[in-house]
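Engineer: When you get a sec, could you build the whole thing from the sequences and use the hints?
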Amino acid sequence: MHADPHIQSLLRLADDALILGQRLSAWCGHGPILEEDIAVSNIALDLVGQARNLYALAGQREGAGRDEDQWAFFRTDREFQNHLLVEQPNGHFGDTMVRQMLYDAFHLEQMGFLAQQKVDEDLAGIAAKAFKEVQYHWEHSSQWIVRLGDGTEESHDKVQQSLNALWSFTGELFMEDEVDQAGRMSGLLPELAILQTAWLTRVSDCLKEAHLTAPEGLWMQRGGKQGLHSEHLSYLLAEMQTLPRTYPDAVW
Amino acid sequence: MNLTDHERIDRAWRQVRGVHDPELPFLTVEEMGMIRGVRIHEKHLLVSLTPTYSGCPATDVISEDVLAAVQAVEPDAQVEVVLSPAWTTDWILDSAKEKMRTHGIAPPEKGQADRAFLTGKGKVVPCPRCGTDNTHMVSAFGSTACKAHFSCKECLEPFEHFKCI
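Just so you know, the protein sequences line up as chains B and D, in that order. Heads up: the first sequence is residues 16 to 267, going by my numbering. Heads up: the second sequence is residues 54 to 218, going by my numbering.
Just so you know, the hints here were simulated from the structure itself, not pulled from any lab data. As the structure is a prediction and not an experimental result, all values here were calculated from the model. Careful, some of the hints might be misleading.
Said to hold, decoys possible - A partial selection of chain D residues facing chain B, derived with a Cβ cut-off under 8 Å:
(1) Y106
(2) P138
(3) S192
(4) A193
(5) F194
Every residue, glycine too, gets a C-beta built ideally from N, C-alpha and C.
Structural biologist: Spelled out as structure tokens, the structure:
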């Protein structure tokens, strides 16, 4: 954990983008059709690029000489502060798309706010670019949810199950802790309750069109932002970090 | 020979203008609207560059190419990457859009980064080969981060559209 809430907020944004980008990149070469392979890989590329910019900014703000690789490859699972949702396994294509739709809806509202805030101009620039990219991500994932949910009986049942399984990871997106609170007070971060309303409208419209139903009364998982993750993150990091940790000075 | 700051900047611009986009080699990075400025900062020449997409793998190559081009005339010149304000397709020069069309890529149109356009439902993208408006989007994600994949229903050719962002 970082003592400075501003830097910690930047790292949380970067961690979400990196972990989801890494997850999606595993579809490269395995997409159900060529166009989808390319689309998911492109989205992964956008996210990893956003993460890189955010880590670089966190490094500048910290001023201790840490670059994006230091943040990405030389921190442990307990030091990552991404939401639990983004580290959940890819599963089948429907699982990946439900995870993506739920996150894209959040990401879009979040980047929309960050692009407008006046506290950190460099962050606003990164977010303004990300906002446009995430519009494409949202269009892509929400259209898939409609096609799968409103498709065959089998595709409908499969994505309904995906939704039931992933829904309990959405509560954390809107649970404010002391870092979020500091950000909200300074004007850097949005008020999560307002974000939640916008997110729910967006997601509900999509689910309605897809004839899917969000589960009700679920216990909401939490802990990602505090570094308490599901076991899935550790495996992801082990795979992602093995090369730079084995050969710390390796260059292309 | 002592050059004035103005002459040094002019000379650097001539160098920068020779750098091409590695993924769209018929365009220069200047035509792409990626060069935000050339200036003298504390006696050193500084070129400001704004990347197109967050994850565009060509950005590193472009920075290196621009740096090499200006360092050929001023060895201590530097390149700074500026992320704010974010790059937009509105910065692409009109001359570049014509070149895209002749290379079979439907160029972005000004101020079209809206949702209707993103979904391919609203704004029509004319075929860069036969000019018809009777086209459809195959996928919003094409061969590079900046392009979408379209298909023409008249001449039946696939083509790429440079996405508006």
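Engineer: Compare the structure with each hint and give your call.
Structural biologist: Hints and how they fare:
no.: 1; hint: Y106; in the structure: 7 Å, holds
no.: 2; hint: P138; in the structure: 6 Å, holds
no.: 3; hint: S192; in the structure: 4 Å, holds
no.: 4; hint: A193; in the structure: 6 Å, holds
no.: 5; hint: F194; in the structure: 4 Å, holds
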